Amino acid sequence: MKKIIPVLKVAPIIRNVKNRTIVISEKTLEKTRYFNDFMTETANFFLFISHTFKATFSRDFEFREFFRQCFQIGYKSLPLVSITGFIVGLVLTIQTRPTLVNFGADSMLPGMVAISLIREMGPVIIALICAGKIGSGMGAELGSMKVTEQIDAMEVSSANPMRFLVVTRVLAATLMIPVLVLYADFLGILGSWAGANIKGDVSFSLFFSQAFGKIDYIDFIPAFIKTIFFGAVIGIVGCYKGFTAGRGTESVGIAANTAVVLASLLVIILDLIAAQITDMI
Amino acid sequence: MNENQIIEVKNLKKGFGSQKVINNVSLQLFKGENLVVLGKSGSGKSVLIKCIVRLLTPDEGEINVLGEDMGSLNRDALGEMRRKIGFLFQSGALYDSMTVKQNLEFPLRRMKKNLTTKDIDKKIDEALEHVGLKDALNKMPSQLSGGMRKRISLARTIVADPSIILYDEPTTGLDPATSDEISVLINDIQKKYKTSSMIITHDIECARATANRLIMLHEGEIYMEGDLEKFEKSTDTLIESFFKNNNNKNT
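Chains as they are written, first to last, in our numbering: chain A, 1 to 281; chain B, 1001 to 1251.
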């Protein structure tokens, strides 16, 4: 894959600008370098996305690897997602119940928990959990493949590593993370029912009918769409960081770490954008 | 380009930042020969063969493989060309997440798409038998020793019947006995598959066992070229330091 290499070079001293000598301090130069590096990294990231798109629509899709990745990302994340989803619903109920009881609005509990889980808590928390688990896994796996020349070996085997390694992972994450979020939402409502029954006695069918009765398409559809973007971002950041890892073993750790940090940050930023768009609808 | 020239490198230059790694190297690989490229670590040997298969893009110069200019090939044509070139990586580069069988299947399924599963299994069996590791078929790379990994890697290189093989430090990190076995395998492959090979090494014993012709790279330039006898008889300090040090180790 072609990479943009920083070309901006700033001389320490620029002379004779309008007959005056301007001296640029080392500190300013350092800031310029940071900015230069940031812009280069951003350009490389977008270049990587464009290569991924191009490879996605090329012939010879790697179905076998795609299903393997779906299994790795989806099935193997189930225990973590199940526990997280259930506990989030449970804690949300335990925390909000006393306030609702004070206002005499405890009958609103199932609907409130369901809406907050489906609209915000479920997608964001599960996406952040997946950014940690899946993003770091991809960063570390592809990073170590780069260090041990496995990506180069694929390249010389006439295989397209972008198609085999990146496209399959990004598509699997894009497909599986929304499914995991839906599953976690359901378990969250189940956890909420369990929480409601700690200090009360609510039947399963009543709680669920009240919870789902309050949910509208406008709660569900934008939240589902944003999880698709969360999945794509987690996949693409994990792959980008792994694919562009340096040559030493230290760079594998750095790739995994920066994949988690960047994917989490982008999930939060995307969530903000999604909230603004939903608000306008 | 001469009919017998399989690879022709002309005035190759490659650097990383301000560091020049290869400086104006020109060489040829002829049909059916084993060309050994010797040199100290950091002399640009691995960079040279990575430029040949275009894993690295040269800064200047021309590389012709089987009459085709590698620099002008598009992605599809480059893929076609790489089907004719086998590359043995220094680290073996076996795919960690795949079994030995899947490692060998990977290039076959992509390079020879008309093969049936039965044909693929047969070719894998043959390649593994050739390197003497038929039993390792369902093992994971993590279950193999260094020498076994190198042999499996060699099997993966030959499984798609390449006409050119580039070996990047084939004996590095191996004990002397296993190194000798790998050198014997390289010669067997040359005879059986009629391949033309470029062997990058700093292991003199491997060079002695496999070379038809040698080139010494030093600081990114060709320092000496010739047959083994010329190198053995050389009184040049650098060449002597390579050959004599190794002789001393052996005695």
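Think of the hints as simulated: they come from the structure by calculation, not from any bench. Errors might be hidden in some of the hints.
Here are the simulated lysine-lysine pairs, BS3-like style, with alpha carbons at most 30 Å apart [stated by the list, open to error]:
1) A/K54 with B/K1020
2) B/K1139 with A/K133
3) A/K31 with B/K1020
4) B/K1118 with B/K1020
Note that the structure is predicted; figures quoted are calculated from it, not measured.
30 Å Cα cutoff - pair A/K31, B/K1020: holds, 29 Å
Given hint B/K1020 paired with A/K54 - CA-CA distance at most 30 Å: violated, 34 Å
Straight-line alpha-carbon gap B/K1118 to B/K1020, limit 30 Å: violated, 49 Å
Holds or violated: B/K1139 to A/K133, with C-alpha atoms at most 30 Å apart: holds, 27 Å
Checked against the numbered hints listed earlier, the structure breaks hints 1 and 4; every other hint is satisfied.
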